[in-house]
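Peer 1: Chains as they are written, first to last, in our numbering: chain A, 545 to 659; chain B, 13 to 121.
Treat the hints as calculated values from the structure; they're not laboratory data.
Computed from a predicted model, the values in this text were never measured in an experiment.
Be a bit skeptical, because a hint or two may be false.
With a cut-off of at most 27 Å between alpha-carbon atoms, the simulated DSSO-like pairs for lysine-lysine come out as follows [stated by the list, open to error]:
1) B:K108 to B:K57
2) A:K601 to A:K555
3) B:K91 to B:K116
4) A:K597 to B:K108
5) B:K57 to A:K601
6) A:K614 to A:K555
7) B:K57 to A:K614
8) B:K91 to B:K57
9) A:K555 to B:K57
10) A:K555 to B:K54
11) B:K108 to B:K54
12) A:K614 to B:K108
13) B:K91 to B:K14
14) A:K601 to B:K91
15) B:K54 to B:K14
16) B:K120 to B:K57
17) B:K54 to B:K116
18) B:K54 to B:K120
19) B:K14 to B:K57
20) A:K601 to B:K54
21) B:K91 to B:K120
22) B:K54 to B:K91
23) B:K57 to B:K116
24) A:K601 to B:K120
25) A:K601 to A:K614
26) B:K116 to B:K14
27) A:K614 to A:K597
To list a few chain A residues with every Cβ distance to chain B over 12 Å, as calculated [to be verified]:
28) I548
29) D582
30) V596
Glycine included, every Cβ here is placed at the ideal spot set by N, Cα and C.
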Amino acid sequence: DAGITQSPRHKVTETGTPVTLRCHQTENHRYMYWYRQDPGHGLRLIHYSYGVKDTDKGEVSDGYSVSRSKTEDFLLTLESATSSQTSVYFCAISRDRGSGANVLTFGAGSRLTVL
Amino acid sequence: RKEVEQDPGPFNVPEGATVAFNCTYSNSASQSFFWYRQDCRKEPKLLMSVYSSGNEDGRFTAQLNRASQYISLLIRDSKLSDSATYLCVVGYNFNKFYFGSGTKLNVKP
Numbered sequence: 545d546a547g548i549t550q551s552p553r554h555k556v557t558e559t560g561t562p563v564t565l566r567c568h569q570t571e572n573h574r575y576m577y578w579y580r581q582d583p584g585h586g587l588r589l590i591h592y593s594y595g596v597k598d599t600d601k602g603e604v605s606d607g608y609s610v611s612r613s614k615t616e617d618f619l620l621t622l623e624s625a626t627s628s629q630t631s632v633y634f635c636a637i638s639r640d641r642g643s644g645a646n647v648l649t650f651g652a653g654s655r656l657t658v659l
Numbered sequence: 013r014k015e016v017e018q019d020p021g022p023f024n025v026p027e028g029a030t031v032a033f034n035c036t037y038s039n040s041a042s043q044s045f046f047w048y049r050q051d052c053r054k055e056p057k058l059l060m061s062v063y064s065s066g067n068e069d070g071r072f073t074a075q076l077n078r079a080s081q082y083i084s085l086l087i088r089d090s091k092l093s094d095s096a097t098y099l100c101v102v103g104y105n106f107n108k109f110y111f112g113s114g115t116k117l118n119v120k121p
């Protein structure tokens with residue numbers, strides 16, 4: 545068990561509504577990530593965090609914001625959801641294996657449908 | 013140009029076959045290399061890391077060619093349970109990662 549919990553696991557919402565996805569970790573890792581996965585695009589980085597209140601943009605950050613007020617929680621917010629944000633969202637942590645090569649471990653995913 | 017490129021497949025093979033997947037990456041500063049396995053509607057899970065000297069884990073062998081910026085995964089004696097999508101992942105600066113789009117494998121009885 546990697547100690548990563550995503551919520552909600554499934555959500556259906558309407559265009560224009562705000563949505564917040566939560567990622568919770570129990571292992572005190574510094575780096576956390578939000579990815580989206582769509583057919584034909586693979587996994588694309590939305591935002592990541594390298595510590596409390598320290599975040600940065602990924603390759604597809606437009607329309608998304610994040611917050612990390614404590615080590616264990618990383619929130620992804622869609623301020624005004626659009627149909628193009630229908631996707632599966634994965635949270636991940638970077639785990640230091642002690643060999644200099646950190647490894648990503650993923651949560652189970654949050655499936656979001658925007659109607 | 014994508015950072016990591018893979019043949020999307022699908023690769024349709026019979027049980028017992030040997031199958032190989034390839035992956036190329038564009039950033040010569042890349043430091044770490046991985047293969048992940050993703051089952052339908054599930055999260056990606058680490059299959060194995062890839063080292064310059066090559067490494068093996070049971071029926072799975074991974075190779076890295078830094079000069080050609082090329083990674084491979086060989087699966088011997090394929091099982092039905094190997095059916096999944098295999099993702100090539102490249103990391104640099106310890107905490108930045110890029111993903112290929114994945115190669116789908118179907119192992120048939």
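Peer 1: Against each hint, give a clear statement of whether it holds in the structure.
Peer 2: Going through the hints against the structure:
1. Of the supplied pair hints, the one linking B:K108 and B:K57 holds, its CA atoms being roughly 17 Å apart against a limit of 27 Å.
2. At roughly 24 Å between alpha-carbon atoms, A:K601 and A:K555 fall within 27 Å of each other, so this suggested pair holds.
3. Under the criterion of a C-alpha separation no larger than 27 Å, the hint pairing B:K91 with B:K116 is consistent with the structure, at around 14 Å.
4. A hinted pair counts as satisfied when its Cα atoms are at most 27 Å apart, and A:K597 with B:K108 qualifies at roughly 18 Å.
5. The hinted pair formed by B:K57 and A:K601 meets the criterion: a straight-line CA distance of about 24 Å does not exceed 27 Å.
6. Between A:K614 and A:K555 the alpha-carbon distance is near 24 Å, which keeps this suggested pair within the 27 Å criterion.
7. The hinted pair formed by B:K57 and A:K614 meets the criterion: a straight-line CA distance of about 26 Å does not exceed 27 Å.
8. Annotation: proposed proximity of B:K91 to B:K57 holds, straight-line Cα distance about 18 Å (limit 27 Å).
9. Among the hinted pairs, A:K555 with B:K57 is consistent with the structure: their alpha-carbon atoms are about 23 Å apart, no more than 27 Å.
10. Distance restraint check for A:K555 and B:K54: the Cα-Cα separation of roughly 16 Å lies within the 27 Å cut-off, and the hinted pair is therefore satisfied.
11. With a C-alpha separation of about 22 Å, the suggested pair B:K108 and B:K54 falls inside the 27 Å cut-off, and the hint holds.
12. Restraint check for A:K614 and B:K108: the C-alpha separation of about 21 Å stays at or below 27 Å, so the hint holds.
13. For a cut-off of 27 Å, the pair hint linking B:K91 to B:K14 is broken: about 31 Å separates their Cα positions.
14. Between A:K601 and B:K91 the CA atoms are separated by roughly 40 Å; this puts the pair beyond 27 Å, and the hint is violated.
15. This hinted pair checks out: B:K54 and B:K14 have alpha carbons roughly 24 Å apart, not beyond 27 Å.
16. With a C-alpha separation of about 22 Å, the suggested pair B:K120 and B:K57 falls inside the 27 Å cut-off, and the hint holds.
17. Between B:K54 and B:K116 the alpha-carbon distance is near 14 Å, which keeps this suggested pair within the 27 Å criterion.
18. Only pairs whose Cα atoms come within 27 Å are accepted, and B:K54 paired with B:K120 is accepted, the gap being roughly 21 Å.
19. The straight-line distance between the Cα atoms of B:K14 and B:K57 is roughly 22 Å, inside the 27 Å bound, and the hint therefore holds.
20. With a C-alpha separation of about 25 Å, the suggested pair A:K601 and B:K54 falls inside the 27 Å cut-off, and the hint holds.
21. The hinted pair formed by B:K91 and B:K120 meets the criterion: a straight-line CA distance of about 8 Å does not exceed 27 Å.
22. With a CA separation close to 19 Å, the supplied pair B:K54 and B:K91 stays within the 27 Å bound.
23. Taken as a hint, the B:K57 and B:K116 pair is honoured in the structure, with Cα atoms around 15 Å apart against an allowance of 27 Å.
24. Of the supplied pair hints, the one linking A:K601 and B:K120 is violated, its CA atoms being roughly 42 Å apart against a limit of 27 Å.
25. A hinted pair counts as satisfied when its Cα atoms are at most 27 Å apart, and A:K601 with A:K614 qualifies at roughly 19 Å.
26. This hinted pair checks out: B:K116 and B:K14 have alpha carbons roughly 18 Å apart, not beyond 27 Å.
27. A threshold of 27 Å between alpha carbons decides the hint, and for A:K614 with A:K597 the separation of about 8 Å falls inside it, so the pair holds.
28. In this structure A:I548 is not separated from chain B by more than 12 Å, as the shortest Cβ-Cβ distance comes to only about 9 Å.
29. Some Cβ of chain B comes within 12 Å of the Cβ of A:D582; the nearest lies about 10 Å off, and the non-interface call is violated.
30. Under the 12 Å C-beta cut-off, the non-interface status given to A:V596 relative to chain B holds; the minimum distance is some 16 Å.
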